[in-house]
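**Student:** Chain by chain, the residues run as shown.
2 protein chains.
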Amino acid sequence: MKGVNDSRFLRACRREPVDCTPVWFMRQAGRYMEEYRRVRERYSLLEICRTPELAARVTLQPIRRLDLDAAIIFADILLPLQSMGIDFDFSKGEGPVIHNTLRTPNDIRNLEVPHPEEGPVSVFEAIRLVRRELDSKIPLIGFAGAPFTVASYLIEGGYSRRFVNTKMIMYYHPESWHDLMKKLTTMTIQYLQGQVKAGAQAVQLFDSWIGCLCPADYTSFVLPYSKSIFERLRPLGIPTIHFGTGTAALLELMRRAGSDIVGVDWRIGLKEAWRRLGGKVGIQGNLDPVAMLGPRDKLKEKVEQVLEQAEGKVGHIFNLGHGILPETPVENVEAVIEWVKQKSKRTHSVKSRAAKAVSAVGARRKKR
Amino acid sequence: MKGVNDSRFLRACRREPVDCTPVWFMRQAGRYMEEYRRVRERYSLLEICRTPELAARVTLQPIRRLDLDAAIIFADILLPLQSMGIDFDFSKGEGPVIHNTLRTPNDIRNLEVPHPEEGPVSVFEAIRLVRRELDSKIPLIGFAGAPFTVASYLIEGGYSRRFVNTKMIMYYHPESWHDLMKKLTTMTIQYLQGQVKAGAQAVQLFDSWIGCLCPADYTSFVLPYSKSIFERLRPLGIPTIHFGTGTAALLELMRRAGSDIVGVDWRIGLKEAWRRLGGKVGIQGNLDPVAMLGPRDKLKEKVEQVLEQAEGKVGHIFNLGHGILPETPVENVEAVIEWVKQKSKRTHSVKSRAAKAVSAVGARRKKR
Chain A
1 MKGVNDSRFL RACRREPVDC TPVWFMRQAG RYMEEYRRVR ERYSLLEICR TPELAARVTL
61 QPIRRLDLDA AIIFADILLP LQSMGIDFDF SKGEGPVIHN TLRTPNDIRN LEVPHPEEGP
121 VSVFEAIRLV RRELDSKIPL IGFAGAPFTV ASYLIEGGYS RRFVNTKMIM YYHPESWHDL
181 MKKLTTMTIQ YLQGQVKAGA QAVQLFDSWI GCLCPADYTS FVLPYSKSIF ERLRPLGIPT
241 IHFGTGTAAL LELMRRAGSD IVGVDWRIGL KEAWRRLGGK VGIQGNLDPV AMLGPRDKLK
301 EKVEQVLEQA EGKVGHIFNL GHGILPETPV ENVEAVIEWV KQKSKRTHSV KSRAAKAVSA
361 VGARRKKR
Chain B
1 MKGVNDSRFL RACRREPVDC TPVWFMRQAG RYMEEYRRVR ERYSLLEICR TPELAARVTL
61 QPIRRLDLDA AIIFADILLP LQSMGIDFDF SKGEGPVIHN TLRTPNDIRN LEVPHPEEGP
121 VSVFEAIRLV RRELDSKIPL IGFAGAPFTV ASYLIEGGYS RRFVNTKMIM YYHPESWHDL
181 MKKLTTMTIQ YLQGQVKAGA QAVQLFDSWI GCLCPADYTS FVLPYSKSIF ERLRPLGIPT
241 IHFGTGTAAL LELMRRAGSD IVGVDWRIGL KEAWRRLGGK VGIQGNLDPV AMLGPRDKLK
301 EKVEQVLEQA EGKVGHIFNL GHGILPETPV ENVEAVIEWV KQKSKRTHSV KSRAAKAVSA
361 VGARRKKR
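Protein chains in written order, with my numbering: chain A, 1 to 368; chain B, 1 to 368.
Chain A on its own, in the form it takes in the complex (with noise of 0.2 angstroms):
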């Protein structure tokens, strides 16, 4: 009997030929789903994430309706930070507001990383319970927020539009800058080491923000953190997936962090992406959310384009190129899921076809 192993997903990442494309989407436990927005109405965002049972049930909503070939642990980057001390809640729709900011050198001195053992071991937990409810076929990923978004977070306070308070610690106190990215890259080790330890069987490290940055600076303050958490995650053998958007003129240097798959946006074509990475990593991406509001023509003229560009390569994981917007129409989902396992059936299995008989080719070649 064919194992986890062998998903279409984990096969992805991998780089092994697939029969057809596998699909996720970033917070496809969320409010575009009314089974999703039911439990909302009775427990907070923060509620459902440190309730191991609550944060289980809707991880596995998506993967119960849905013809998904992965499940991702609902959580929120910013979890691992209460034992931290950092008090923070959910603004209606705007994303996380943190009330105790980061903003002199004092501020980053005095943040403790705390034992793994305090860190949000609901998570933990939560990847338990799912693991045991899970079809053997569906691979369910852990993630992480990335040293950099994580500490953008921390000093603007939120979501920001140019993070000037974020490139002042860079910039005018460098020392401290780099002691808060130690601290965070620390806890994210642990962080995602316990979320294999509990059963996750491929990471996702979320680094949303760094489009921000100029080349220099993303060498400079952010790659070296990148980098120590992958090659600290090799040993674990399971595969890593790395993530940014308005990546374009990073992803030489995304490349360099070592993760197994880089995730883009909408914001560059995959053909692009791909030869700027180069052949040796898997992509995953990068239909615009926006798109997913339909109408369903261009919606499905779109998804083709992905995988026209993704030229039906081994190593292409079909995803957005950020989160699903809560107004998108669950059908929508739905047709984007068809359409991936149906167009990128005919792509690999022409591709497949086309590779026997170069083999055979090759086998009668021999022959003579």
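The reader is advised that the hints may include incorrect statements.
Identical copies carry no separate label here, and so any pair may be met within one copy or between two of them.
With a Cα cut of at most 27 angstroms, we get these calculated BS3-like pairs of lysine-lysine [claimed, not checked]:
{"id": "1", "residue 1": "K182", "residue 2": "K298"}
{"id": "2", "residue 1": "K183", "residue 2": "K298"}
{"id": "3", "residue 1": "K227", "residue 2": "K298"}
{"id": "4", "residue 1": "K298", "residue 2": "K92"}
{"id": "5", "residue 1": "K92", "residue 2": "K313"}
{"id": "6", "residue 1": "K271", "residue 2": "K227"}
{"id": "7", "residue 1": "K298", "residue 2": "K280"}
{"id": "8", "residue 1": "K137", "residue 2": "K183"}
{"id": "9", "residue 1": "K298", "residue 2": "K343"}
{"id": "10", "residue 1": "K343", "residue 2": "K300"}
{"id": "11", "residue 1": "K182", "residue 2": "K343"}
{"id": "12", "residue 1": "K343", "residue 2": "K92"}
{"id": "13", "residue 1": "K183", "residue 2": "K300"}
These aren't lab readings, by the way, just hints derived from the structure by calculation. Treat the numbers as computed from the prediction; the structure is a model and nothing was measured.
Using the hints, position chain B against chain A.
**Tutor:** Showing chain B alone in chain A's frame:
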């Protein structure tokens, strides 16, 4: 006597050798200057724009204080929309707020392009006033918002993070989108022609928000209109600059729009940007405006990085990657101008000595 045509800025626009790299800043007339803040205490932004004497006065403020190589007329990209019946205001520090947004095909159908003489004539008059006052060595830049960016304001009602409504018009009502772009293109061409007739010696087209689009959408929904604007400006014989942010994956397409100079932001290194744009176009940029907030040694390092990336090539105009921030210390602006001149003077003179040496060697060889 050398006239304005021999100015550093216009020579660089034509990709001719210069003694040092010309420098100006987007929003160089702005809140970071005390002189400007004093005018703003008495008049609103719109009042300044609508009063030629005030617009001329603030346009000249940075020129009188700083060693800049070009002036840019003080105006706003939404000004020409007033005669189209669009009602807008500027909220404090948050950019424009449009009161009667376009949301339906009907709204777009009813939008009328005014006759050019009914347009923002105050800008033309301000240009005439500035030209009378300007030193003959300092060229004056006119500008307009590009159809896509102006359309996004009209549809979203202000700055947008995801451009959902704009993309929904594109996808659900493509004919209406193209109708809107045609109207805005006609208006932009007339508006820029009027500015050149009034005395603008170069023009910049601001397509600030195109970075939200995937290359395929840029190609179908935006490029034809930007291209048609540059085509219609070419007979006027003045240099054109095409600016956008987050354009790392759009540069080859922007090149096809046909401006003389492409303005890029800090998200891509100038060397890579130039490689993608090809040899026959100049580049304007690309310091991160946040770096202008200091500290001084970091700022100097970053200015030098930009100049090193430009490699002293003809056709480089030093600028920021977006508008100067209001909190920028004016002393930092002064310092940046000085560093650009100092450092690039060395590069240009080394290059020109090298060029002379090469041609001298060539001459000696020919003699033999």
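**Student:** If a hint holds in the structure, say so; if it doesn't, say that too.
**Tutor:** Consistency of the hints with the structure:
Taking identical chains as interchangeable, the C-alpha atoms of K182 and K298 lie at most 27 angstroms apart only when they sit on different chains, with a minimum of 22 angstroms there against 45 angstroms within one chain. Proximity of K183 and K298 under a CA criterion of 27 angstroms is satisfied inter-copy only: 24 angstroms between copies versus 45 angstroms inside one chain copy. Taking the closest pair of Cα atoms, K227 and K298 come within 27 angstroms of each other only across two copies (24 angstroms); inside a single copy the shortest separation is 38 angstroms, beyond that limit. For a Cα distance limit of 27 angstroms, the shortest separation of K298 from K92 qualifies neither inside one copy, at 30 angstroms, nor across copies, at 38 angstroms.
In this homomeric assembly, K92 and K313 never come within 27 angstroms of each other (Cα to Cα): the closest approach is 40 angstroms inside a single copy and 50 angstroms across copies. For the identical chains of this complex, K271 and K227 are neighbours both inside a copy (24 angstroms) and across copies (25 angstroms), given an alpha-carbon limit of 27 angstroms. For the identical chains of this complex, K298 and K280 are neighbours neither inside a copy (32 angstroms) nor across copies (36 angstroms), given an alpha-carbon limit of 27 angstroms. For a Cα distance limit of 27 angstroms, the shortest separation of K137 from K183 qualifies neither inside one copy, at 36 angstroms, nor across copies, at 54 angstroms.
Taking the closest pair of Cα atoms, K298 and K343 come within 27 angstroms of each other only inside a single copy of the chain (16 angstroms); across copies the shortest separation is 51 angstroms, beyond that limit. In this homomeric assembly, K343 and K300 come within 27 angstroms of each other (Cα to Cα) only inside a single copy, at 10 angstroms, whereas the closest approach across copies is 52 angstroms. Taking the shortest alpha-carbon separations for K182 and K343, neither the intra-copy value of 44 angstroms nor the inter-copy value of 36 angstroms comes in at or below 27 angstroms. Taking the shortest Cα distances, K343 and K92 never come within 27 angstroms of each other, neither inside one copy (38 angstroms) nor across copies (50 angstroms).
In the homo-oligomer, the alpha carbons of K183 and K300 never lie at most 27 angstroms apart, since the shortest distance is 44 angstroms inside one protomer and 29 angstroms across protomers.
The structure is inconsistent with the numbered hints 4, 5, 7, 8, 11, 12 and 13, although it conforms to all the rest.
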